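Produce the complete structure using the sequences and hints provided.
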Amino acid sequence: MSRLKVGQFNDSFPPTIDGVAQAVKNYAGVMQEKYCDVTVVTPKYKDVVDQYPFEVFRYRSIPLDRRIGYRAGNPFDIETLIKLRSKHFDLMHVHAPFASSVLVQNINRKPKVPVVLTYHTKFDIDIAKRVKLSGFRKIALRFVLENINNADEVWVVTEGCGKALRNIGYRGGYRVMENGTDFAYGKAAPEKVEELRAKYGVKDDEFVFLFVGRMMWYKNVRLVLDSLCFLKRHGVPLRAFLVGDGFDAPDIRKYAAEIGLENEATFTGAIYDREYLRVFYSMADMFLFPSTYDTSGIVVKEAAACDCPTLLVRDSCASEGVKHDFSGFLAEENAESCGQVLLDACQSREHIREVGANAGRHIYLSWETAVGRAYQRYTEILEAWPGELPYNSRSQWV
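Going by our numbering, the letters in the sequence shown line up with residues 1 to 398, in that order.
Among the hints, erroneous ones may be present.
[Unchecked claim] BS3-like mimics (lysine-lysine), calculated; alpha carbons at most 30 angstroms apart, straight line:
| id | residue 1 | residue 2 |
| --- | --- | --- |
| 1 | K25 | K187 |
| 2 | K323 | K163 |
| 3 | K112 | K44 |
| 4 | K232 | K203 |
| 5 | K187 | K232 |
| 6 | K110 | K83 |
| 7 | K163 | K187 |
| 8 | K34 | K187 |
| 9 | K138 | K5 |
| 10 | K254 | K232 |
| 11 | K192 | K138 |
| 12 | K192 | K25 |
| 13 | K138 | K44 |
| 14 | K323 | K232 |
| 15 | K46 | K25 |
| 16 | K203 | K112 |
| 17 | K25 | K44 |
| 18 | K34 | K44 |
| 19 | K112 | K5 |
| 20 | K5 | K46 |
| 21 | K138 | K83 |
| 22 | K187 | K323 |
| 23 | K110 | K25 |
| 24 | K203 | K163 |
| 25 | K110 | K5 |
| 26 | K323 | K254 |
| 27 | K199 | K254 |
| 28 | K192 | K203 |
| 29 | K187 | K199 |
| 30 | K163 | K192 |
| 31 | K83 | K5 |
| 32 | K87 | K44 |
| 33 | K163 | K199 |
| 34 | K163 | K25 |
| 35 | K112 | K34 |
| 36 | K44 | K83 |
[What the hints assert, rightly or not] Distance windows between CB atoms, simulated:
| id | residue 1 | residue 2 | range |
| --- | --- | --- | --- |
| 37 | D315 | T369 | 22 to 30 angstroms |
| 38 | D251 | Q347 | 29 to 37 angstroms |
| 39 | V131 | H88 | 19 to 27 angstroms |
| 40 | K5 | R361 | 16 to 24 angstroms |
Everything labelled a hint here was simulated from the structure, so no lab data went into it.
All figures in this text were calculated on a predicted structure; none of them were measured in a lab.
Using N, Cα and C, we set each Cβ at its ideal position, and we do this for glycine too.
Below you can see the structure in the form of structure tokens.
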């Protein structure tokens, strides 16, 4: 039996760093190795050379606002449409309800193939932040909703993400399909951790906290810093490492200094070497991820791969499956609550390690497992096609 041909479509892809881009890279890598032939379709960036074990098809694009930091693909380019139609995909999987969705609709001609769409993130929040006029916001949300409604099967990465989908007006069925992490389970070698501690002068009595993500205020980085400031006021010796880059990075660094964390907080910038990043997770006593924006939080699974427990906001999407004081730490969305939970945890390093080990057992999910489940669902969809599928805008909301 010949291998299936699957297109993975997204509006971003490395070297652009975001959670969805990483998800698409891992979908493509695991599927190409184990299951099917994959083509990633994504906007073209200047001077980018793709070297992957799968095909990356880049199409014409234009820059968006500098604050957004992305390029928008042109889904109406005739040359692009002709080339993609000639690939004869068996199934197309869209990871963004914007240009990628329009492109898929434009190339999906007779015989039509099934289209899966994963709703990864709270696009309504993105639109609210970046589109100031309410009339244009409504138009943008209708555009997103129309693209979602056009999919033959809709996936969400958490149940909370499904609720976010409801909030923008989606009334059909959806299926929860979790994302994983490309980190193999296990800490970095002890000597690597010691080298990193020595490099930054981390003392034995200092608690090490870690944040990994885009340096944008909407990631709740202010809450991270305020919580650390709470700990410092209560006499906890600490070091904090903030890994990542983004538009708000200069302001975030300035704020850290203003509240007295200039000696405790280290901003490393973006780290692209995944094994080097593993050393940071392995060095950290606790990972801080109080984001209420993220719908999945792959970084939480990355931390769990290294037996590093995470502080999360209670009832956030990223906190799904985490039990307080067992496989992670949960707090309310304010500095006093987060700080107090951290302060209580710092009373026992041994307990922090126990919670981290439980995170490794119960929160960690590899991309191999996650993508294996996705491919199994692909085959079920194709077996049923062109019959009606249960998880789309035409199915009953249950």
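Against the structure, the hints come out as follows:
no., hint, result
1, K25 with K187, "holds, 23 angstroms"
2, K323 with K163, "holds, 20 angstroms"
3, K112 with K44, "holds, 26 angstroms"
4, K232 with K203, "holds, 15 angstroms"
5, K187 with K232, "holds, 28 angstroms"
6, K110 with K83, "holds, 16 angstroms"
7, K163 with K187, "violated, 34 angstroms"
8, K34 with K187, "holds, 26 angstroms"
9, K138 with K5, "violated, 36 angstroms"
10, K254 with K232, "holds, 18 angstroms"
11, K192 with K138, "violated, 51 angstroms"
12, K192 with K25, "holds, 27 angstroms"
13, K138 with K44, "holds, 29 angstroms"
14, K323 with K232, "holds, 26 angstroms"
15, K46 with K25, "holds, 19 angstroms"
16, K203 with K112, "violated, 61 angstroms"
17, K25 with K44, "holds, 16 angstroms"
18, K34 with K44, "holds, 27 angstroms"
19, K112 with K5, "holds, 14 angstroms"
20, K5 with K46, "holds, 27 angstroms"
21, K138 with K83, "violated, 34 angstroms"
22, K187 with K323, "holds, 22 angstroms"
23, K110 with K25, "holds, 28 angstroms"
24, K203 with K163, "violated, 44 angstroms"
25, K110 with K5, "holds, 16 angstroms"
26, K323 with K254, "violated, 34 angstroms"
27, K199 with K254, "holds, 23 angstroms"
28, K192 with K203, "holds, 16 angstroms"
29, K187 with K199, "holds, 19 angstroms"
30, K163 with K192, "violated, 42 angstroms"
31, K83 with K5, "holds, 15 angstroms"
32, K87 with K44, "holds, 19 angstroms"
33, K163 with K199, "violated, 44 angstroms"
34, K163 with K25, "holds, 26 angstroms"
35, K112 with K34, "holds, 25 angstroms"
36, K44 with K83, "holds, 15 angstroms"
37, D315 with T369: 22 to 30 angstroms, "holds, 26 angstroms"
38, D251 with Q347: 29 to 37 angstroms, "holds, 33 angstroms"
39, V131 with H88: 19 to 27 angstroms, "violated, 37 angstroms"
40, K5 with R361: 16 to 24 angstroms, "violated, 37 angstroms"
Figure legend: structure checked against the earlier numbered hints; hints not met, in rising order: 7, 9, 11, 16, 21, 24, 26, 30, 33, 39 and 40.
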